[in-house]
Structure formats: structure tokens, C-alpha cells
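Required output: the full structure, derived from the provided sequences and hints.
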Amino acid sequence: MKRQKYLLNKVAWSFFTILFVLVLNFLLFRVLPGDPARAGVRDPRMKQEAIEAIRIRFGLDKQVINCFESLNPIKVGSCTVNPFDTQFFIYVRNLLQGDMGISFHSNRPVAEILVERLGNTVLLIGAGQILAIMLGVAFGIIAAWKARTAIDYAALLSSLLAWSLPTFWLGIILLFWGSGHGLPIGGKATPGTSSLPFLQQWGDIARHMLLPTITYTIVYMGEYMLIMRSSLLDVLAEDYILTAKAKGLSTFQILKDHALKNAMLPLVTVIAINLGFTVAGALQIEAVFSWPGLGGAIYEAVVRRDFPVLQGAFLLIAVSVIIANLIADLTYSYLDPRVQSE
Amino acid sequence: MFAKKTVALFIALVMILSLVLSACGGGAKAQPVTLRIGWAGSPDTLNPGTAVLAEAWTIFELVYDSMYDLQLDGSYTLDLAESVKTSEDGLVWTYKIHDGIKFSDGQPLTADDVAFSYNFYAANTDFPYMNPYTAYFDKVEATSNNEVVITLTEAIPNIDYQLVFLYVLPKHIWEGVNPIEFENVEMIGSGPFKMVEYKQNEFVHLAANKDYFRIPPIIDEVIFQTFENQDALVQAIKTGQVDLITEMPNTAVATLRNEPNIAVVTGAPFAPEVTDIIFNQCTPGNCPLDAGGVCSGHPALQDRNVRLALAHATDKQKIIDLVLLGLGTPGLTLIPDGLGMWYNSSLKDYEFNIPLANQILDEVGYKDANGDGIRDMPDGSHPLTFRLNWPSDSINAPRTAELLSETWGQIGVSLQMQAVDPDALTAQCCPAFDFDIMIWGWGSDPDPNLLLGVMTTDQIPTGSSETGYSNPAYDTLYNQQATELDKDQRIAIVWQMQQIVHDDVVYIIPFYPQATQAYRTDRFTGWITDKPKVALEDVTSLVVVKPVK
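Those sequence lines, one after another, are chains A and B.
Quick note, the first sequence lines up with residues 1 to 342 if you use the working numbering.
Quick note, the second sequence lines up with residues 343 to 891 if you use the working numbering.
A hint or two may mislead.
Taking CB as the label site, the calculated pair distances span [what the hints assert, rightly or not]:
id, chain 1, residue 1, chain 2, residue 2, range
1, A, P83, B, Q841, 58 to 64 angstroms
2, A, P83, B, T818, 40 to 46 angstroms
3, B, N603, A, F277, 39 to 45 angstroms
It is worth saying that the hints were derived from the structure and are not from the lab.
Quick caveat, the model's predicted, so the values are computed rather than measured.
The beta-carbon is built from N, C-alpha and C at its ideal position, and this holds for glycine as well.
Right under this line is the structure:
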């Protein structure tokens with residue numbers, strides 16, 4: 001019963017946070033200066049009618065919300081206008097129907113663009129995260145168990161180094177090295193391979209993924225290793241571990257039954273938060289390796305003032321971070337019964 | 343515990359390795375002759391009506407045909423049409439289309455498709471680039487299977503320029519689609535290449551159209567691959583993953599020149615560019631208040647003497663050497679040298695001469711009234727401190743601004759420099775005229791009409807005029823050249839207009855940037871490199887290059 005109340009509480013809070021983000025998202029982009037209808041097309045031949053037509057097509061001719069005609073510059077408008085005819089309610093209504101609008105830049109539906117790029121990002125970052133977690137946890141355990149020996153110091157040093165390396169620098173170094181050894185310079189797949197059989201196609205994609213995944217793994221492995229190590233060291237210093245040793249349990253049994261479960265808690269939180277931000281893509285890696293992911297899409301949208309894409313992407317990131325945190329909360333409460341008694 | 347984890351890790355690595363190795367074996371020597379081109383951009387859309395990016399137009403040139411062809415020396419030749427007749431009054435143009443032209447889906451291209459396409463572009467007023475080309479069209483109709491008759495509202499000298507980018511679309515595909523939302527992924531066209539596969543921001547894969555009505559390309563396929571950063575481009579051509587790159591950072595030019603098997607070519611870009619220093623000269627009388635004009639420009643800039651002194655204090659060659667690493671030509675007026683015969687090469691530029699600049703300002707009364715090293719207005723009201731702005735996405739502007747500040751400081755002018763977000767800068771610029779000096783630039787059309795129009799009085803309230811310059815004599819000449827049918831006469835008028843704006847120092851043009859491209863000499867040969875413009879990705883080169891044997 002207590003457990004269910006806890007779950008319900010967490011889910012409700014997440015829901016309201018998402019609603020808040022929705023509203024904030026909408027307002028944020030209306031507050032920016034500049035006219036999106038003229039953005040990027042600085043061409044004197046573009047007639048007034050064309051600019052007006054673009055404005056109408058993207059619904060920019062309507063009032064932002066009751067009482068405000070526009071937010072930058074702030075212009076007061078009619079308070080009695082039909083609320084369903086304002087940009088805000090049209091935005092909410094479309095969102096509920098899954099329509100995130102149309103890109104100013106390519107006139108394609110935003111949802112289509114984001115889903116495409118999201119898939120690519122999840123593929124790359126997912127692989128990188130899994131490897132980083134596996135390697136980070138493994139090295140963290142080894143370092144903690146062999147604390148204050150040469151192995152520990154070596155692991156500590158290399159993790160700090162890995163975590164502090166600038167991602168783009170490491171990426172460029174690996175790119176230059178790898179391209180001299182026959183690995184592709186960029187992109188997700190070699191053009192022309194989409195008609196090949198499944199295994200060959202994915203083999204080609206794997207070749208393209210090799211360098212960016214290695215870059216990502218090296219940088220994030222450092223973070224997980226350090227957290228795992230310090231968390232495990234804390235737990236290993238507890239009295240019950242000493243008792244377990246006195247009882248004659250083997251290293252393996254101590255770690256498995258007593259130490260790891262407690263040491264994993266901080267790591268679970270960090271992993272969940274990182275996975276939430278996975279959706280934002282690793283922008284630096286995507287830029288260096290020309291990987292067509294969400295990070296790159298966001299960057300291009302910023303440069304081109306492509307507000308619908310930016311709005312959609314930010315909403316996506318916010319929702320995934322909130323959901324990831326929800327999952328972290330729930331996992332935490334499952335692993336640690338003490339958490340529910342609040 | 344360790345064993346399990348290590349084993350899992352090992353298995354994962356083996357799996358990845360096996361995928362990698364299987365793909366290595368799968369990269370067998372491709373039978374078709376494929377040319378790989380690397381670039382740093384990507385088309386925004388494949389719909390010719392709504393596209394705005396240069397990369398999209400490169401693809402359109404390869405996949406579609408139009409009535410004329412634009413050569414790299416700036417001249418026009420008939421393409422789809424085999425002959426053209428014009429009426430006495432210059433209003434009715436009759437084009438006879440070649441027989442036997444087919445679209446890539448096998449359907450014939452007839453005058454019907456041409457008329458449909460032109461009317462399609464004319465009907466959609468929110469096509470940003472295509473619609474303005476139809477401004478003079480009164481009526482377009484197909485009078486027979488291969489005859490198209492265009493009736494104009496007035497006689498113009500440059501119908502070739504108006505038609506060269508109006509690509510002929512297949513009526514049976516485009517009739518009834520939503521003009522804005524149609525993505526045109528299949529790109530059915532009649533050009534020398536046809537679409538195989540398109541992934542936005544990744545690659546464009548084209549195949550040669552061996553049934554092209556003129557001589558088909560020698561190569562079988564061409565792939566344009568997008569790289570997100572220019573260093574990857576340079577690395578790609580060095581390692582041979584691409585055969586041609588269409589751009590590179592100026593810093594890489596020297597390295598690439600030293601590579602065996604790589605040749606670097608420089609010249610005017612296909613769409614010539616001009617970088618300009620813009621002076622806000624809008625007089626209070628001309629301030630477009632209805633359109634949101636603020637007109638906060640420094641009064642000194644309305645004095646030609648001040649602009650002249652600033653011109654004499656600008657070291658253009660130094661800017662080219664330091665900012666462009668030598669890859670540019672000194673500028674004169676807004677018409678770039680890449681426009682060939684339209685460019686007034688006889689103009690004498692204002693030489694870099696600091697003492698002369700100081701003398702000019704002294705003589706007209708801009709003295710340093712309070713001894714702070716900065717000159718003041720003759721009536722002592724304002725110091726000569728100007729706001730200098732540029733768009734924050736410009737690579738060259740910050741360094742250019744620094745160099746200007748150095749030399750202009752030597753004549754008693756001080757600058758408040760600030761990079762501004764491009765959107766915000768547009769809001770400040772025109773028609774608000776809420777700035778003093780800006781560094782920006784234009785990409786030019788093949789016809790000078792566009793850039794000449796920027797300096798007319800009519801464009802002050804529309805936002806196209808950046809300087810607020812107003813000269814009735816210039817306006818009259820502008821209207822004249824727009825309808826002057828004699829080519830040599832028109833060139834003379836355009837040259838005269840450039841003389842006027844040069845005399846009035848409306849802009850300072852520091853340079854016209856050059857294009858730099860590089861190709862591998864051990865892969866393909868036959869590149870067209872002896873024309874004034876360098877555009878190896880253009881259809882002119884792509885239809886003639888062949889593999890090195």
C-alpha cells in the first residue's frame with residue numbers, strides 16, 4: 001500500500017513537470033528576437049506576399065495567447081479573442097494529436113525528422129553507454145577491491161584522464177588515426193548499401209560506428225569507474241563487510257551478496273540521468289564523425305532558427321529526462337526499501 | 343563474478359569484431375564507375391519551389407533541364423529549346439523544344455510540361471526564389487507538342503536569366519500535389535543524372551541517365567557525401583575516401599597543395615560572393631517610419647568626405663592576406679568580379695593612404711575638440727565613434743573588424759565592435775536602420791539586376807536596402823537598364839551605375855572571396871578548370887570527367 005502510494009506520487013509529479021515544461025517550451029521560443037519568417041532567406045527578391053504567406057502557413061499571424069499579441073517585443077493584444085484561435089492552444093491541440101509542426105527549413109513534419117534522428121542517436125549512444133557501464137563498473141570494482149595498490153592508482157589515473165579529455169579532441173585524434181587505417185571518415189552508412197542484405201548492411205553501419213562508439217566509451221567509462229570505485233570503497237569500510245569476511249565468505253560472495261547491492265545505488269542514479277540526456281545526443285561526437293543524430297539536428301536547427309524542430313527536440317529531451325528520473329526513482333525505491341518510508 | 347563479466351565482455355567484443363570483418367569482406371570492387379564528392383552542406387529539400395540552399399540547386403542542375411544553360415563564363419546557351427523566336431515588340435517569345443526528350447520514368451517531356459512548370463512557379467507566391475523569376479510573365483501556353491509561347495508584360499533584356507533556373511517538372515507527377523509539402527524524393531527529371539537515393543544530411547546518390555538527349559555522362563554514378571566539419575572533408579580527400587571536395591578551410595590549402603595525387607583549384611565561386619562594409623546613410627527625410635524605421639545612424643556617415651577618408655584608411659590587401667590567406671580579390675563595388683562583363687574593371691580604387699585620409703578629415707573640419715585622440719563633428723556635437731556590427735555566424739568578420747579598427751584608429755575614428763545574432767542583426771539593419779556600420783555580404787545571381795536594385799530608393803522601406811542610399815540619377819539608370827534590350831548599351835549603363843556608387847562611397851568592398859576546390863588526380867580526369875569560375879561539382883564537369891586509366 002505504502003509502495004503504491006509512493007509510485008503514484010512519483011508518477012503524478014512527473015506528469016505535472018511535463019506539463020510545466022510544455023508551457024515553458026512554448027513561451028521560450030516566442031520570446032526570442034527576430035522574425036522566423038525572414039530567417040535564413042535574406043533575399044531582396046522575396047516579395048512581401050511571400051513573407052506573409054510563410055507567416056500564415058506557420059500560424060505566426062495569430063495572437064500568441066489571450067491579451068498578448070507577441071512576446072518579443074511585448075505587444076498587448078485583445079483579451080477577448082477566441083482562445084482556441086491563439087498560437088498557444090493550437091500548439092497544445094496539435095501536440096495532443098502527435099503533430100509537432102512543420103520544419104521551417106525543410107517543410108517536413110518535425111515528428112518525422114526527430115524520430116529518424118533519434119533512432120540514429122539511440123543506436124550510437126546506446127552502444128557507447130552499455131560498453132561504458134560494463135567497463136566502468138568492472139574497473140571500478142577491481143580498483144576498489146585492490147584499493148591503494150598499484151592497480152588502483154593506475155585505474156584511478158587513467159579514469160581521470162579519460163573523463164577529462166575533451167570529447168571533440170579525442171574524436172578528431174581517433175578519426176585521423178582510423179581514417180589512415182581504412183575506417184570511414186564519417187556518416188552512418190556507405191551510400192548504396194541500403195539495398196544490400198541485412199548482415200552486410202549492418203556490418204557497414206558497425207564499421208561506421210566503431211570510432212564514435214570508442215570515443216564515447218572512453219570518455220564516459222571514466223565517470224562510471226570513479227563513481228563505482230568511491231561508492232564501493234564506502235561500502236567496503238562498513239562493519240558488516242568485516243563480519244562477512246570473518247564468517248569466511250569468499251571475495252565473490254561478499255561482493256555479490258553484500259557489497260554491490262549497496263554500492264550500485266549512486267551509480268543507478270547517475271546512469272539514469274545520463275540515459276535521460278542520451279536523447280540530446282553527443283553533439284561533439286556527431287559533429288566530428290558526421291553522425292546524423294539528434295544533437296546535430298538540434299545544432300542545425302539553432303543555426304537556422306528552425307523553431308518547430310527546436311521546440312520538438314527540447315520537449316523530447318525534457319520528457320526523456322523526466323521519465324529517466326522517474327525510472328531512477330522507482331528503481332532506487334525497489335533496491336533500497338528505506339527510501340519509501342517518507 | 344569477474345569471470346562472468348569478463349566473458350560477457352569478450353563475447354560482445356567478438357560479436358562486434360565479426361560484424362566488422364564481415365563488412366570488410368563485403369566491400370568488393372564496385373562494377374559501376376562512381377565519383378564521390380564531399381561537401382559540408384546538404385540540400386534542405388528536393389522541392390525546387392521551396393529550396394533555398396545552394397546544395398539543393400547543385401542537385402537540381404544535375405537532375406533537371408531548363409530552357410537555357412548557364413556556362414561558367416557567364417554566357418547562356420539554349421538547352422531544352424532548339425530555337426527561339428521573338429516578336430517585334432519583344433513581348434512574345436516562342437520556343438521550339440527538342441524532340442524525343444524523356445523523363446527518367448520513361449514519359450516524354452513535351453511543351454505541356456514546360457508550360458505547366460512555368461505556370462506552377464508563377465502561381466505559388468510563397469516560393470521564395472522561383473516565383474520572382476516569373477514576375478514579367480503575362481501568359482505561358484503550349485501551342486503544340488513542342489512549342490511554348492511566353493507573353494511578357496514588358497520587354498526585358500534578360501529572359502535567359504529569368505528562365506535558366508525554372509526547372510521543367512513532369513506534369514504527370516506534380517499536378518495536384520501540395521506545392522509546399524511535396525518532398526519530391528524520387529526527383530523524376532530529364533537531366534543528365536537521375537536520383538537513386540537521398541538521405542538528408544547524409545548523402546545524395548545519383549546515377550547517370552544514359553538516355554539523356556544530349557551526350558550522357560561518362561561516369562555511371564555520383565555520390566555527394568555530407569561531412570559535418572571541414573577537417574573531415576580534408577581528411578577524406580587525403581585518404582581517398584572522396585575524389586573531389588567542393589570547399590575547404592583556407593588553412594588547409596597549403597597542406598593539400600603539397601600532397602601528391604591532389605590538385606587544388608581556385609577561382610570565382612559559381613555564385614560569386616561579395617563581402618561589404620555597410621554605412622548607414624539614411625537621411626531623416628527618407629526614414630521609412632511606417633515600416634518600422636528607427637534611423638539612429640551616426641550623422642557623420644552621411645558626409646561623403648567621412649566615408650571617403652575611411653575608404654583611404656582601409657588596407658584591402660592586408661585584409662585579404664590575413665583573413666583569407668590570400669584567397670580573394672580586392673573589391674570595388676557591390677558587383678563582384680565573377681560577373682565577368684558586368685563588372686566595371688575600369689574603376690580606380692581609393693588607395694590605402696593614411697596621411698591622405700587624415701588630410702581629408704582635417705580640411706573638412708573634423709577636429710579632435712577635446713584631445714582624447716578621437717575626432718569630433720565640426721560642430722563638436724558627436725565624437726567619431728561608430729558602432730560596428732556583424733553576424734555572429736561569420737567566420738571572417740571578427741578578424742576583418744579588428745584590422746579595420748587598427749587602421750581607422752590611425753585617423754582618429756574609434757569603433758564599438760559587437761557580433762550580433764544574425765536574426766537580431768536583420769531586425770536592426772533594414773528597414774529599421776538602427777546601426778552605424780555593419781560587415782556583411784551577398785551571394786550574387788548571374789545577372790547584376792539583383793544587387794544593383796539594393797541601392798535604389800524604392801528598396802529603402804522594403805528591407806532590401808541596407809544603406810538607405812538615395813540617388814534619383816541612379817534610380818533612373820536602374821529602371822533604364824532593366825528594360826534596355828541592347829546588350830552593349832545595358833553593359834554601359836551598368837558600368838555607369840557602378841561609377842556613381844563608387845564615387846559616392848556607398849559601401850567599402852574589402853574583397854570578393856574566391857572558391858577553393860580540390861580533386862584527386864589519380865582517380866578522375868577531364869575537370870573543367872580553365873574558366874573564370876571554379877565549380878567542379880557543376881554539371882559542366884560532371885558530364886565530361888572520366889576515370890584515370
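Could you work out which of the previously given hints the structure breaks and list their numbers from low to high? Violated: hint 2 alone.
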